[in-house]
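Enquirer: Residue-level listing of the chains:
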Amino acid sequence: KAGVTQTPRYLIKTRGQQVTLSCSPISGHRSVSWYQQTPGQGLQFLFEYFSETQRNKGNFPGRFSGRQFSNSRSEMNVSTLELGDSALYLCASSLSSGVQETQYFGPGTRLLVL
Amino acid sequence: AQTVTQSQPEMSVQEAETVTLSCTYDTSESDYYLFWYKQPPSRQMILVIRQEAYKQQNATENRFSVNFQKAAKSFSLKISDSQLGDAAMYFCDYSGGGADGLTFGKGTHLIIQP
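Chains A and B, in that order, are what the protein sequence lines are. By the count of the working numbering, the first sequence reaches residue 119 at its end, each step adding exactly one. By the count of the working numbering, the second sequence reaches residue 94 at its end, each step adding exactly one.
Be careful, since some hints might not be right.
[Claimed, not checked] Derived CB-CB ranges, DEER-like:
#, chain 1, residue 1, chain 2, residue 2, range
1, B, S54, A, I17, 39 to 45 Å
2, A, Q59, B, Q93, 26 to 32 Å
3, B, T(-2), A, L119, 26 to 32 Å
[Claimed, not checked] Per the computed footprint, the stretches of chain A lying under chain B, defined by three or more beta-carbons under 8 Å from a beta-carbon of chain B, are:
#, segment
4, 13 to 27
5, 84 to 93
[Stated by the list, open to error] Partial selection, computed: residues in chain A whose CB lies under 10 Å from chain B:
#, residue
6, A7
7, G8
8, W39
9, Y40
10, Q42
11, L48
12, F52
13, R68
14, F69
15, Q108
16, Y109
17, F110
18, G111
19, P112
20, G113
Simulated from the structure, these hints should not be mistaken for lab results. Computed from a predicted structure; not experimentally measured. We treat Cβ as the ideally placed atom computed from N, Cα and C, and that holds for glycine.
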């Protein structure tokens, strides 16, 4: 089975722009979670989508949003980019939603905001 | 909110030796799951091992094993016969009943000396 894929792998944007990142889960997985990784804050949970519905949300401003499509692919959007949004954005998929589920991660999208 | 603490920012071990990475967590829940992930320089997050809190038996996966002490809220990872490919950041993670996705520790950078 193919693993989790994320596109694009690298992205450079300027402050004030918006960006959309894409994540394709492992075939058959219906839950997709997003995480932000920075040197200062470490790994932080952004949100989880399951069956096209946002199930959980971390402590991030409303500029961070996401959605999930009927084929379980997910996108996250960051509007009005700030320098502090520079990070590695990781997507993880699992079969279902729930604390018992093991999450499998994609290679990440590295976003640089100038 | 749950917290995960990895007290060793960096560990170094000789190839073929055994190393133990420490992790403690704080939770009031009785049902939860713990994970160790490794993140090599490629930044791909890879599952190493998983432990269900309701299981008393410690999980093992080949050269990787855990010492799970539920009462002490401790979850250490032992790597036997260390190999150069084990060099990576290792993250201890908690998954519980809260709506916060995975809660990650700050990570331990493992260096393997040839």
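Enquirer: Hint numbers the structure violates, sorted upward?
Expert: 2, 3, 4, 5, 6, 13, 14
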